[in-house]
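Heads up: the protein sequence lines correspond to chains L and V, in order.
Under the working numbering, read the first sequence as residues 1 to 266, first letter to last.
Under the working numbering, read the second sequence as residues 1001 to 1269, first letter to last.
Treat the hints as calculated values from the structure; they're not laboratory data.
For glycine and all other residues, C-beta sits at the position ideal for the given N, C-alpha and C.
Don't take every hint at face value.
[What the hints assert, rightly or not] Restricting the straight-line Cα-Cα distance to at most 20 Å, the calculated cross-link-like pairs of lysine to aspartate or glutamate (EDC-like) are: (1) V/K1147 x L/D134; (2) L/K137 x V/E1076; (3) L/K137 x V/E1101; (4) L/K137 x V/E1090; (5) L/K137 x V/E1075; (6) L/K137 x V/E1032; (7) V/K1074 x L/D134; (8) L/K137 x V/D1159; (9) L/K137 x V/D1068; (10) V/K1189 x V/E1032; (11) L/K137 x V/E1055; (12) L/K46 x V/E1101.
[What the hints assert, rightly or not] Chain V residues, not near chain L, derived (Cβ > 12 Å throughout): (13) G1010; (14) G1066; (15) N1095; (16) N1102; (17) E1109; (18) V1117; (19) A1155; (20) L1183; (21) K1189; (22) R1217; (23) R1243; (24) A1262.
Given next are the chains, with one letter for each unit.
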Amino acid sequence: MKVLEAIGNAVIQGLAYVGSLTMQLFSELRASPRVLPLTGRRGRWKTAIRQMAAIGVDGLPIIAIMSVCAGFILAMQTGSELRRFGALQYVMDVVGVGFTREIGPLLTALIVCGRSGSAFSAEIGTMVVTSEIDAMKTMAMDPIEMVLTPKYVAAMITLPCLTIMSNTFGILAGAVFMRITTNIRFPMYMRYIFNSIELHDVWTGLLKSLVFATIIVNVGCMEGLRVRGGADAVGRSATSGVVRSTYLVILADAFFTAIFYLVHKG
Amino acid sequence: MTELMISVDGLTVEYDGKRVLNNVSLDIQRGEVMVLLGGSGSGKTTMLRHIIGLERPTSGTVRVRGVDINRCSKEELMAIRRTMGVAFQECALFNSMSVEENVELPLHELTNLADPVIEIMTYMKLAAVGLGETGKLMPQELSGGMKKRAAVARATALDPEILVFDEPSAGLDPIVAAGLDELILFLKKAFQMTILVVSHELASAFRIADRLALLDRGSLIAVDSKDAFRASTHPRIRQFLDRVPDPITESVVVQAHIRELAGLAGART
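Please model the entire structure based on the sequences and the hints provided.
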């Protein structure tokens, strides 16, 4: 009975967590017109742009380096197998399709999760501990609109952009590998790549990156808002923000990939 | 005729079954300085958080200018909050903004004033608390007393009718604390503000208060004028005013615990 009870409790807690995330997401969506340019209040869009710089511009170098490495590794690993069958040209299909559909969005999400997700939790957690969130509320300002929504808007814009950059760098790394191991030069490589990937591959990847952005921002912010106590609680919130959003990103990836697989197959 | 600005009626708060506030009732009139006294853990910060509407009580009502803040609409609550300024114990200045931007924020967010007007108002608010020349500094560059004053400047940015202070003199030296007392009296006199101060500093309380309230273990044991407080014979009030400590722990309990720790539970001496 105790095992059943524990399983039941875990399921209820999990559902409650997802429920809170969904409610927070709806609040952010309701507040988003007040953050966007033209419809929003002055200054709010500036906050979103600052966040875009923090998530996107500052995150680009590490995403570029890791994508180049991942692209090269993928090409080498598949190349060493395919070479045995004299099918080295299929490396280009693997790199092109693999990056646009899967590795680009996932790698980007995991890096943003580690860099920015933890920063969201720590920043908001510190604001809770130092009563800044309470101060906002008592000044008749909405923390969701002031703090959370600019981050959400910024992530929804930057994550697809970063994913495209990651795809590009991964595919370029594949080109270098092909140039070193075969006679295939860059223009021909790109022709192969454009023949192998379809528009469908790109947009499913970008759609997934939007889902990942939603998860990373909401989990990071919610862990921050739940902080009670002092500095150690802020540290714990940053850790659990990263762990939980990584976990949810992978789950969502599996779920969406399965759906796309079934839809595409059908 | 006096007007009731804050009215707390039968406020009871429980956390996890533990009663923190017990049927507390308190009225604050327009233009008076009410000091809520109490020792550590007496529930005074909890009471303040309920008065400013950050938490919902287990039972009882909190009315601000006649509006029940736990049962009103969101718009009504926002309207009430615009007439209330709160200076937190931790100051709660936004660390990513300069002092000036902290004070400007409510003006930018909640009014349609032009930027030059906001700039002038911000300077006036900062100058009123003696920080006119420090607007460009970041909060972390300020001393403790300056931070408190900056928090007051921000709390008074929208010319609130009610000002709430949580422990204004906590962690400050006597000279800076006295300066804050004078600032509170100045705000009361110059702007006819209704001021609620939560404190445990007796000297400061007797300097600024029109009336005092003493909270003890979640219950309000007295609400009275300064003179009546000084003359009171209530044992808890006397203990508080005469700074008499509570006995730390019953020695029998301590001895029993030590025996238990030493593995001699149940052993009799």
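In ascending order, which of the hints set out earlier in this document are inconsistent with the structure?
-> 6, 15, 16, 17 and 19
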